[in-house]
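S.K.: Residue numbers (the numbering used here), protein chains in the order written: chain L, 1 to 281; chain H, 282 to 574; chain X, 575 to 835.
Keep in mind the hints are simulated off the structure, nothing from the lab. Just so it is clear, CB atoms sit at the ideal spot from N, CA and C, and this is done for glycine as well.
Which residues of chain X face chain H? A few of them, derived with a C-beta cut under 10 Å, are:
1) G626
2) L627
3) I652
4) F656
5) A660
6) F673
7) G674
8) L675
9) R676
10) A677
Using 25 Å as the maximum straight-line C-alpha spacing, the simulated DSS-like pairs for lysine-lysine come out as follows:
11) H/K487 <-> H/K386
12) H/K480 <-> X/K692
13) H/K556 <-> H/K487
14) H/K480 <-> X/K690
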Amino acid sequence: MSFLPSSLRQPSALPGFGLALGFTLAALSLIVLIPLAALVLRAASIGPADFFAIARDPRTLAALRLSFGTALIAALVNTVFGLLIAWVLVRYRFPGRRIIDAAVDLPFALPTAVAGISMAAIYAPNGPIGSIAQQFGLKIAYTPLGIVLALVFIGLPFVVRTVQPVLEEVESDIEEASALLGASRLRTVFQVVLPHVYPALLTGFALAFARGVGEYGSVIFIAGNIPLVSEIAPLLIVIKLEEFDYGGATVIATLMLAISFAMLFLINAIQGWSRTKHGNV
Amino acid sequence: MAMSDRFLPLSHHPERATSETAPTKAVLIAVAGLFLGAILFFPLVTVFIEALRKGWGTLFGTFADPDTLAAIRLTLLVAAIAVPFNAAVGLAASWAIAKFEFRGKNLLLTLIDLPFSISPVISGLVYVLLFGAQGWLGPWLDQHNIHIIFAVPGIVLATVLVTFPFVARELIPLMQSQGTSEEEAALMLGASGWYTFLKVTLPNVKWALLYGVLLCNARAMGEFGAVSVVSGHIRGLTNTMPLHIEILYNDYNFVGAFAVASLLAGLALVTLLAKTFLEWRFAGELAATSRRH
Amino acid sequence: MSVPVRVRNLEKTFGRYPALKGVSLDVEAGELVALLGPSGSGKTTLLRAIAGLEQPDAGQVLFGDIDANTLSLRERRIGFVFQQYALFRHMRVIDNIAFGLRARPRSSRPSEAAIKSKVLELLHLVQLDGLEARYPAQLSGGQRQRVALARALAIEPRVLLLDEPFGALDARVRKDLRKWLRELHQRTGHTTLFVTHDQDEAFELADRIAILDQGRIEQVGTAAEILERPATPFIDSFIEGIARREAQARDRTKPHVVASR
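Next comes chain L alone, as it looks inside the complex:
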C-alpha cells in the first residue's frame, strides 16, 4: 500500500469508496474534529501566563486531583473484582450465570443520571446502606468515597468485558502441564494462567480509568459537590461555563485531556513493551 505513491488506495473492483469515505470524513470532521480543534485553538489563544494561573488555582488542582484520584482507586477496585467476575463467569457453571453475565452490561445501558440519583438515595445518611454506615461513623454520600462507588459502578463492565474473551481463550493444556509438573492450584493460576490475561486486564483498567476521569452524570448526585473536597473536574468545567468563563473551562478541559492521553499513551507503551517481552499475546 505504501508503495503506491500515485494513489492513496489500492484499486478495487468494488464501487462506492469515494462516497463512503467522503461521507465518513465529512461527518467525522463536522461532528468530532472541528469542535475538538476549537477547544485546542481556544486553549492556545489563552496565553501561557493566564493558562497557568487557572491551572494553578487551588480549586482547579483539587478538582483534577479528585477526578484522577477517585478514578484511579475505582479502576483498581474494578481490576480486582472485574477479574474475579470474569473468572467466575468463564470457568464456573452455576444457576443464574447467564443472568449475571447479561447484567454486567447494565452500566452501559443504564443512563448515568439514573444510576446517580439511585446511588445517592442508597448511600445518603438516611438511605439503606448510608444509614448503616453512619452507625459505624462512615460517611459515604457527599464524600470522595461516594464518588469512588459511583465510578466503580460505571467502570466495572470495561474490565469484565475486556478480560472475559481472553480468559476464554487460555488453553487448558498449559494448566494441565503446570499441574502435572507438581504446581499447586494457586501457583498454576497466578503464575501460568493469569499472566496471559494481564495485558487485557491492563487495557480494562485503562478503559475504566479513562471513563471514570470524565464521568459526570452518575457522580454529581452522590458527590455533594463541595469545592476543594468533593467537586470533580467535569463539574468545575460546567460551573465555569455557567459563569460564562469559557477560558477557565477550556483550561481545565485541556488539562484533563492532556493528562488522560498521556496516561493512555503510557499504558500503551507498557503494553507494547510487555508484548515484545512475552511474545504476541
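Once you have looked at the hints, place chains H and X on chain L.
M.R.: Coordinates of chains H and X only, in the frame set by chain L:
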C-alpha cells in the same frame, strides 16, 4: 476393576488438576455475586422502589405533567435524529474501512473511536466554544438569529458526538471478517453497486447493525453530561429526560425524579434483554471476534 | 454465445512484488483451458484480471472484438466461480441462482415466472433438483460448488472462469465433479478458464493447459504436447509425476486417458 479405582485417588476428583475445589468455587461465586448485587442490582432495584414509594397514582401523575411529557418528546426527537445519522455514518465508515485498503486507515479508526475517550462534559463544551455566545461563531449566529446552544440543535449535536462510534464499532470488525467476495460475485453477476449493498452487504450485517443501533440508542436517550452543558435547562423546551430527572431531584421531588428514572431504567432493561437475545441467537452474525466493549 | 478470449501482455504488480510479467494467452471460443502452476505463480491474478476483479498495470484483455477495459464489471457478463464459492449466505439456493437475473435493470429483467423456470432448469443441469429452498449452510461442499456454477451460468456469460474449482473439496468428490464438469462443458460449450495447482486435474480436464511460473506463462499446449515436449526445465520437473504415471499407464494399457482426445 472396581478395586483399582481405590488406588487412584485422582479419579475421584477428575477436575482437580485444572479446577478449584468445590468450596473455593462456592466462595468465589458468592463474592462475585455479592459484589454485583451491591454495585449493580441494588441501584437498579432502588429506582423502581423509590418510584413507587408513594404508590402508582403519584407515579402516573408525574407522566401527566406537561414538562415531563415535553422532556420525553425531546428525548425521542433527539434519538430519532442522532441514531439514524450515526447508523448511516457507521455503514459508510465500515464500507470504506472493511472493504478497501487505503493509507491512514488506522488513523481513521482511532479518530472514529475518539469520542469514547473524551469526557461527555468536554463533548458538550466544544460546541459551546464553537456556537456559544462567546464562541467562535456565536456573534454571527446571534446576528442571524440562529440558536444552537441552549436550543435543540446543540442537544442533537452533542448527542451525535457522544454516540458517534457505537454503530461503526459493531460493523467494522464484522465486515472485515466477511471479506469482499460476495460483493465481487454480485457485481460479476451484473448487479449495480447500490443493489449489491442493499441485497448482499446489508443483509449480512443486519443483526450487528441492530446491535449497534440498540447501544447507540440507549446512550443517546440516556446521555447527561454533554447534553447538560449545551441545554440551558429550559423546562418544557430544552430538557431531555435525564436533565428533567436532575431538575426534579434538585426540587426535592424525589418520586417524580425516580418516576422518570424508572422509565429510562425500563429502557435499559429492554436494551439489555434485546442485546442478550441477539448475542445468544445470532452470535455468529454479530462478529468473528469479540464484539463487547 | 461463447467468445474467444485474448490476453495481451498483462502486467500486474502488488507493492514491489510482480505477480504478472507480460502474460499473453489466446483462448478459442468454446475451449476449456487450465491455468496451472505452483502457488504464487500468478495464475489466480491472471484469472482475476481477466474477470476485471484486478486492474492490470498494463496490457489488454479482449472478449471477441471488445476491449474488456471499456466494460464495467457488471457489463462484462462473466461467469465467475470463486474458490470458496462466495454464495450469498442469507439467500436460498433459488435466490442465489436468480440473483443475476433479478439484478438486471427493469427493462431487460425477465418476469419472475421466467426467472423461476430458468433457475429450475439450471438446478436440473447441475443435478441439484429439489434443493432450491435450502440455504448454502445446509449444503455439502460439492453441492455448494454446483450452486455457484449454476449462479454463474444463469447470466449466460460470455466466458466462464473458475478459481480452483475443486480446491475446497475432498479427494473422492473431486474426481466425480471433474468428470461431471467435463461433460457439462461439452454440453454448454462456454469458453472456460480454470485455475488449478493440481497437475492431474489440469491434464485430465482441459483441452489445453497454460503452465505459469513466477508471473510468466512457461508453456501452452495440449496435454500430449506438453508431455512430449516440455518447453523448459521447470516444466520438466513440474510435470514429472504425471509423466511417470502416464508412462506406467501406457505400459499397462494401450489407449491412455490423457492423449486420447
